[in-house]
Structures are given as structure tokens and as C-alpha cells.
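Trainee: Could you build the full structure based on these sequences and the hints that come with them?
Position one of the sequence shown corresponds to residue 1 (my numbering), numbered consecutively onward.
Among the clues, some could well be false.
[Stated by the list, open to error] Have a look at the derived ranges for each label pair, beta carbon to beta carbon:
id, residue 1, residue 2, range
1, Ala27, Asp226, 48 to 56 Å
2, Gly112, Ala28, 31 to 39 Å
3, Pro3, Gln90, 39 to 47 Å
4, Ser61, Arg16, 20 to 28 Å
5, Gly49, Leu121, 25 to 33 Å
Don't read these hints as lab results, they were simulated from the structure.
This one's a predicted model, so the numbers in the text were calculated from it and none came from an experiment.
Each residue gets a CB set at the ideal place from its N, CA and C atoms; glycine is no exception.
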Amino acid sequence: MGPRFEWEELPDDVRRAVELRAGRVVAAETVEEGLNCSTALVLDTERAGGVFLKGVLLTDSAGVGALEVEARVNIAVAGVGPRLLWAGIQAGGWYCLVFDYVDGRHADLSPGSPDLESVALLLRRMQLLRAPALPFPQLAARFRAYLCPGEAGLLRGDHLLHTDANPHNILISDDGSASLVDWAMPALGPAWVDAAYTAVRLMESGIAPVRARAWLCGFESWKQADAKSVRTFIGVTCRHWDAVVGPDKARPSNQRFRQLIE
1 MGPRFEWEEL PDDVRRAVEL RAGRVVAAET VEEGLNCSTA LVLDTERAGG
51 VFLKGVLLTD SAGVGALEVE ARVNIAVAGV GPRLLWAGIQ AGGWYCLVFD
101 YVDGRHADLS PGSPDLESVA LLLRRMQLLR APALPFPQLA ARFRAYLCPG
151 EAGLLRGDHL LHTDANPHNI LISDDGSASL VDWAMPALGP AWVDAAYTAV
201 RLMESGIAPV RARAWLCGFE SWKQADAKSV RTFIGVTCRH WDAVVGPDKA
251 RPSNQRFRQL IE
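Mentor: So this is what it looks like as C-alpha cells:
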């Protein structure tokens with residue numbers, strides 16, 4: 001997405017709009033991680049305290065759409081993600097959201113990390129979320145081009161999914177609690193899907209497949225998952241990555257997905 005805009009580089013209209021709501025900004029720090037915004041800032045403000053601002057140019061229709069999705073889903077993710085303070089700030093050619101600031105570090109999913117239990121607790125809380133009465137897509141719709149006949153129904157579900165619980169989107173606070181940020185790609189599907197995605201991330205972080213599977217078996221939803229649905233999820237995910245990056249580049253990731261049940 002290119003370089004991030006710092007607070008001082010944002011148009012005056014944007015800064016005025018933020019300070020009108022949060023109070024004068026006394027300190028600003030640019031956050032470099034993340035892919036779907038052109039500015040990401042931790043702001044220390046006089047009235048609201050610490051807040052997190054993310055924004056995109058209004059000319060970036062895909063970016064605006066992603067932030068609009070985050071705004072819509074926020075009410076449903078209370079307790080697992082940061083609270084949205086101000087939505088849809090449009091000023092100076094920008095579209096911005098302002099969240100409560102989560103003071104935390106990125107999750108460590110490597111072997112022996114204490115974060116593994118914190119992440120598991122977070123994902124269990126997520127499985128209790130009630131999906132909002134909003135038209136979020138079924139996971140099957142995202143994979144429509146790669147589904148075989150009769151497979152779509154196997155991926156249907158009514159649980160709210162994040163679908164991108166990578167370590168950069170999981171923040172661990174000093175007390176060990178975990179929060180999930182960047183809800184730009186939610187979907188509806190079986191309860192076990194986010195845990196399965198995260199188990200693959202564990203393998204990427206150096207955890208042996210057998211231990212990643214053992215971690216995954218700590219989720220009742222996974223232990224009760226329909227075997228045919230799981231195979232469909234793995235198969236369609238692998239076909240998706242084959243198409244997106246090519247079979248050679250997709251091979252390591254696809255192997256990890258297949259190792260969820262091998």
C-alpha cells in the first residue's frame with residue numbers, strides 16, 4: 001500500500017476532525033504493521049487518552065470498503081476486539097476510524113510460548129460471539145470459484161469469523177489477555193474455522209504439526225467438526241492458493257493445511 005502517512009503529514013482538515021472528537025493530540029506514533037490502510041497512528045489525546053487512528057484516501061475504494069466493514073462488525077466483537085470510538089470520519093480527502101488503543105505486543109506463536117493459551121482463550125470467546133444481523137458473506141462465497149459441486153453447503157455456518165488471525169492481528173497485553181484487531185475480512189461459517197487457520201499459523205511459527213493438531217484439539221468445535229466439512233475447507237483453501245500464487249509457491253502453505261488432519 002506504500003509508505004504510511006505520519007500525523008503531521010495528514011491534511012489539516014483530518015487533524016481538526018480527530019481533535020474535535022478526541023481533544024488535542026499531544027503525541028503521535030506511526031504503526032508500520034498492517035496492509036489495508038495508508039495511515040495507522042497511536043495518538044495520545046487530551047480528552048480520549050490513547051486512541052488508534054487508521055485511515056485511507058477516499059480515492060482508495062477498496063480501502064474505504066474494508067474500513068466500512070470494520071465499522072459495521074465492531075458492535076459484534078465487543079470483548080475480543082477494540083471498541084470503535086468514531087466511525088466514518090471524512091475530511092481532507094480521507095476516510096478514517098478511531099478505536100480504543102490496545103496497549104499490547106504481537107502474539108508469539110512459537111513453541112513453548114505462553115501466548116498460545118491466551119490465543120486459545122481468545123478464540124474460544126470468539127466462538128461465543130453472535131453474528132450481527134448484517135449481510136456478511138458466507139465463507140463459502142469467498143471461495144466460490146474454487147468449490148466443487150455440492151461443497152458450498154459444507155462450509156455454511158452462522159458463526160462470525162475473523163479469517164485472518166495472524167500474529168500481527170493478535171495483541172497480547174501485559175496481563176496476558178489477547179485481543180484481535182483488523183476485522184476487515186469477516187465471514188460467516190463453522191465455529192472451528194478460525195482455530196484451524198490459527199493452527200496453521202502455529203506451524204508457520206515452528207510448532208510441529210502433531211503439536212499444532214494437539215492445540216487445535218483443545219477446541220470442542222474442532223473435535224465435533226464434520227470430517228467432510230473439514231476436508232472441503234482444506235481442499236478449497238489449497239485450490240485458492242494454487243490459483244492466487246501458483247502451485248509451487250503455494251506448496252508449503254498447502255502442506256500445512258493438509259497436516260491439520262494428517
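Trainee: Quick check on a hinted range of 31 to 39 Å for Gly112 and Ala28, using CB atoms only.
Mentor: Since the Cβ atoms of Gly112 and Ala28 sit about 36 Å apart, the hinted range of 31 to 39 Å holds.
Trainee: How does the Cβ-Cβ distance of Gly49 and Leu121 compare with 25 to 33 Å: does it lie in that range?
Mentor: holds (26 Å)
Trainee: If you check the beta carbons of Pro3 and Gln90, does the distance land in 39 to 47 Å?
Mentor: violated (22 Å)
Trainee: Could you check the hint for me, namely that Ala27 and Asp226 are 48 to 56 Å apart, CB to CB?
Mentor: For Asp226 against Ala27, whose Cβ atoms are near 51 Å apart, the range 48 to 56 Å holds.
Trainee: Per the hint of 20 to 28 Å, is the separation of the Cβ atoms of Ser61 and Arg16 within bounds?
Mentor: holds (25 Å)
Of the hints listed earlier, the one the structure fails to meet is number 3.
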